[in-house]
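Its first residue numbered 2, the sequence shown is counted upward by one per residue in our numbering.
Hints may be right or wrong, so weigh each one.
[To be verified] Mimicking EDC-like on lysine to aspartate or glutamate, the simulated pairs with C-alpha atoms at most 20 angstroms apart in a straight line are:
| # | residue 1 | residue 2 |
| --- | --- | --- |
| 1 | Lys324 | Asp351 |
| 2 | Lys324 | Asp362 |
| 3 | Lys324 | Glu267 |
| 4 | Lys376 | Asp392 |
| 5 | Lys154 | Glu188 |
| 6 | Lys420 | Glu430 |
| 7 | Lys304 | Asp351 |
| 8 | Lys403 | Asp330 |
| 9 | Lys304 | Asp362 |
| 10 | Lys238 | Glu188 |
| 11 | Lys403 | Glu256 |
| 12 | Lys324 | Glu406 |
| 13 | Lys403 | Glu335 |
| 14 | Lys154 | Glu88 |
| 15 | Lys324 | Asp295 |
| 16 | Lys154 | Asp178 |
| 17 | Lys324 | Asp266 |
| 18 | Lys248 | Asp266 |
| 19 | Lys420 | Asp521 |
| 20 | Lys154 | Glu192 |
| 21 | Lys326 | Glu406 |
| 22 | Lys239 | Glu205 |
| 23 | Lys221 | Asp87 |
| 24 | Lys239 | Glu198 |
| 25 | Lys324 | Asp405 |
| 26 | Lys304 | Asp330 |
| 27 | Lys238 | Asp330 |
Source of the hints: derived by calculation from the structure; they are not laboratory data.
Quick caveat: nothing in here was measured; it's all calculated off a predicted structure.
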Amino acid sequence: MTSFPDTSPSAIWGHAPLLDRLQTPVWIFDIEQARMHYANAAAVRLWGAEAPQELYARDFASTMSEATRRRLADYLPRLMRGEVIDEHWSFYPGDQAISMHCRCSGVAIDDDRTGMLVEGLENNISLDASSLRALEAVRHTPMMVSVFDAQGKPLVHNPAALAARRGLTAFVDCFTDHNAAERLLHEMQSEPRCSREAIMRIAEGERWHHVDLCRATDPKTGRPMIVMGEFDITPRKKLETAQLVSKRQLEVVIEGLDVGLLLEDENRRVIVANQAFCNLFAGGAPPDALVGMDCRETAQSAKVHYTEPEGFVSRIEELVTAKRKQARDLLALEDGRFFERAYTPLFVADEYHGHLWVYRDITRQRHQEADWAHKASTDPLTGLANRRSFDESARRIARSVKEDELQAALLMIDIDRFKAINDTLGHAEGDKGLRLLANTLRHHLRQSDLPCRTGGEEFMVILPGMSPEEARAVAWRLLRQIAEATIEAEELPFYFTVSIGVTSFRPTDASIEATTRRADTAMYQAKHEGRNRVAVR
2 MTSFPDTSPS AIWGHAPLLD RLQTPVWIFD IEQARMHYAN AAAVRLWGAE
52 APQELYARDF ASTMSEATRR RLADYLPRLM RGEVIDEHWS FYPGDQAISM
102 HCRCSGVAID DDRTGMLVEG LENNISLDAS SLRALEAVRH TPMMVSVFDA
152 QGKPLVHNPA ALAARRGLTA FVDCFTDHNA AERLLHEMQS EPRCSREAIM
202 RIAEGERWHH VDLCRATDPK TGRPMIVMGE FDITPRKKLE TAQLVSKRQL
252 EVVIEGLDVG LLLEDENRRV IVANQAFCNL FAGGAPPDAL VGMDCRETAQ
302 SAKVHYTEPE GFVSRIEELV TAKRKQARDL LALEDGRFFE RAYTPLFVAD
352 EYHGHLWVYR DITRQRHQEA DWAHKASTDP LTGLANRRSF DESARRIARS
402 VKEDELQAAL LMIDIDRFKA INDTLGHAEG DKGLRLLANT LRHHLRQSDL
452 PCRTGGEEFM VILPGMSPEE ARAVAWRLLR QIAEATIEAE ELPFYFTVSI
502 GVTSFRPTDA SIEATTRRAD TAMYQAKHEG RNRVAVR
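Produce the entire structure from the sequences given, and follow the hints as far as they go.
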């Protein structure tokens, strides 16, 4: 064994002739630049070079593995602190692998940086090819492998463990729960192996690891040692925690909802029901009492409560057979209540796995809506629906167009030269014109159509279930009827005309505003083309 009490460059170079006589290879390696700074004759032979200068010019970085880079990067701060590192290395200067025990210490090199002085020592343990390959596999695996003595003091760490821990090398220090680590260490005195999932400390913080421990014998001392392998399972643990939280959140949400939920499997058996559903249909029985029931029998027994019992059952069968999402069904009960029902089939990877029913008691809402419709949704001058009612109805129609693939059209109607009528005849006479227009719409549209006064002389008409061609014909008919109507003014009767823009609700519209803008553009097109006409967009 060779040691150097003075490891300054000048001291080593001063002993160069003597070092060249040694059979032990000695070299200085610049870790940061991956270059050789010095090599004695034995080291030159070890590295397969013809002369030292050839070795000094060699680019070691180009052939260095990532595991070796991490291992050397861990060495550097330890060498700078004055630590001497004794570890086994395998080198590949040529076609043959060379296995050697190395003693590494710090030495000052250029610009007062720290290099690594390496003394190649005779290896007391002879390793066959299989053992060397196994050792290399441990060095290169991303799995963290550490070896401790029976008291938990570190013996060796592979590069993955060194890179992750950076100084947290003692057994107990690797665990966030030191008491649990002490118990585990004690347990390994009698158990040959064990596995744990534990929160471990690494340089960046704390992570969940799967830890495998086994008791072994130190091949150098013959004393007991503990081999610990770790791999990160933090993503899996986070996913498991998220799933547990989501499951509990879902349970809380389901029970907290004021809507009745019933989940059926593909065979029409109850999987889940919440208390709200039981309160609506099962006389307040606990949800667990419904699990496993045949939903066909349940529907037959419940149909007597509805104003259209056979329609209630047939609609269920229709939805289940079609397996298409259904937005809303309104159900009227014999006792005057109203339920809203939604149906959603459940598919996983295009495979059908049952369906979900959602029932909501909307009786109070229906009564409130009727009251609000009377008080707040009517334009006081014309008696038509107002802007607020239009917006609500338009959104509802837009949802139906998008979700149920229905057709619907929209008319925008504006009185031509209305300002001139007001300025010439007065606002009272202008109001007569507005009421005449409203009456024309009211009496010449379908019951399902919704005429609205949305502003001054601006009117909108929602035409559910109508194609653009049908809507255009309706617009021309209204245009003629309005133009032929006479307003009995105080002085002289007068007539007026309108311009009408026609468009359709589209499933691709991002908002109601997109639809109304098209209708508005069509209406102004009609005005620019001479008024008293219809334009379609």
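(message) Need the list of violated hint numbers for this structure, in ascending order.
(response) Hints 2, 7, 10, 11, 13, 27 not satisfied by this model.
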